[in-house]
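*Asks:* Sequence:
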Amino acid sequence: MAGARSVGSLPVPNVQALAEICNDPDEHIPERYIRPEASSEEVINNYQGDMAIPIIDLKKLLCPQSSEEECVKLRSACQYWGFFLLINHGVPDEVIANLKRDIVDFFSQPLDTKKEYTQLPNSLEGYGQSFVFSEDQKLDWADMLYLHVHPSDSRDLRFWPTSPASFR
Numbered sequence: 000m001a002g003a004r005s006v007g008s009l010p011v012p013n014v015q016a017l018a019e020i021c022n023d024p025d026e027h028i029p030e031r032y033i034r035p036e037a038s039s040e041e042v043i044n045n046y047q048g049d050m051a052i053p054i055i056d057l058k059k060l061l062c063p064q065s066s067e068e069e070c071v072k073l074r075s076a077c078q079y080w081g082f083f084l085l086i087n088h089g090v091p092d093e094v095i096a097n098l099k100r101d102i103v104d105f106f107s108q109p110l111d112t113k114k115e116y117t118q119l120p121n122s123l124e125g126y127g128q129s130f131v132f133s134e135d136q137k138l139d140w141a142d143m144l145y146l147h148v149h150p151s152d153s154r155d156l157r158f159w160p161t162s163p164a165s166f167r
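For the sequence shown, position 52 matches number 51 in numbering that gives the first Met the number 0, and the numbering has no gaps at all.
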């Protein structure tokens, strides 16, 4: 198909650099970063008091006796929420805490250091923004670091930060 894009994002300015530019009194926030305000009535009317973040139990998902029920919960979470909290996954709390620390350390580095890991054209992997497919798409004020982890032969270490040293 003509004009079809492979997986990847259109290049957009880094949010940290954009924020610095927008601090200049002569600059304005680009329209693509401004979302219309939701009225408080709209938010209140759409709120359901019994709503809670879906929780998916990996042990139940892998157990033949409970997997069907947990699969229904997983499908619902993906369909209606787009995310869920995964429990009983077996990843030690210390590993999770260390990863969180490394991520905070990476994003706290100077912009030039983070730019060493910038996404390549038509790729999601690396430092940048995710899923930008249109020039008029509204964007989030967020940068990301997307890395392939599994299978291990799909890892492209060019995008894996060397600082903090424990990241790799």
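Any given hint might turn out to be false.
What the hints assert, rightly or not - Derived SDA-like pairs (lysine to any residue); straight-line CA-CA distance at most 20 Å:
# : residue 1 : residue 2
1 : Lys-114   : Tyr-145
2 : Lys-114   : Val-90
3 : Lys-99    : Lys-58
4 : Lys-58    : Val-90
As the list claims (entries may be wrong) - Now the in silico label distances, taken between C-beta atoms and shown as ranges:
#  : residue 1 : residue 2 : range
5  : Ala-51    : Gln-15    : 31 to 37 Å
6  : Ile-54    : Ser-162   : 32 to 38 Å
7  : Val-94    : Phe-132   : 14 to 20 Å
8  : Arg-154   : Ile-20    : 31 to 37 Å
9  : Cys-62    : Leu-84    : 43 to 49 Å
10 : Asp-155   : Ala-16    : 22 to 28 Å
11 : Ile-102   : His-149   : 14 to 20 Å
12 : Pro-163   : Glu-36    : 37 to 43 Å
13 : Ile-54    : Phe-106   : 23 to 29 Å
14 : Glu-19    : Gln-64    : 33 to 39 Å
If you are wondering where the hints come from, they were derived from the structure by calculation, not from laboratory data.
All of these numbers come straight from a predicted model, not from anything done at the bench.
We put the CB at the ideal spot given by N, CA and C, even for glycine.
*Asks:* Are the hints correct? Go through all of them and say.
*Replies:* Do the hints match the structure? See the list:
no.: 1; hint: Lys-114 to Tyr-145; verdict: holds, 13 Å
no.: 2; hint: Lys-114 to Val-90; verdict: violated, 30 Å
no.: 3; hint: Lys-99 to Lys-58; verdict: violated, 24 Å
no.: 4; hint: Lys-58 to Val-90; verdict: holds, 12 Å
no.: 5; hint: Ala-51 to Gln-15: 31 to 37 Å; verdict: holds, 33 Å
no.: 6; hint: Ile-54 to Ser-162: 32 to 38 Å; verdict: holds, 35 Å
no.: 7; hint: Val-94 to Phe-132: 14 to 20 Å; verdict: violated, 34 Å
no.: 8; hint: Arg-154 to Ile-20: 31 to 37 Å; verdict: holds, 34 Å
no.: 9; hint: Cys-62 to Leu-84: 43 to 49 Å; verdict: violated, 18 Å
no.: 10; hint: Asp-155 to Ala-16: 22 to 28 Å; verdict: holds, 24 Å
no.: 11; hint: Ile-102 to His-149: 14 to 20 Å; verdict: holds, 18 Å
no.: 12; hint: Pro-163 to Glu-36: 37 to 43 Å; verdict: holds, 38 Å
no.: 13; hint: Ile-54 to Phe-106: 23 to 29 Å; verdict: holds, 27 Å
no.: 14; hint: Glu-19 to Gln-64: 33 to 39 Å; verdict: violated, 55 Å
In this structure, the earlier hints numbered 2, 3, 7, 9, 14 are contradicted, and the remaining ones agree with it.
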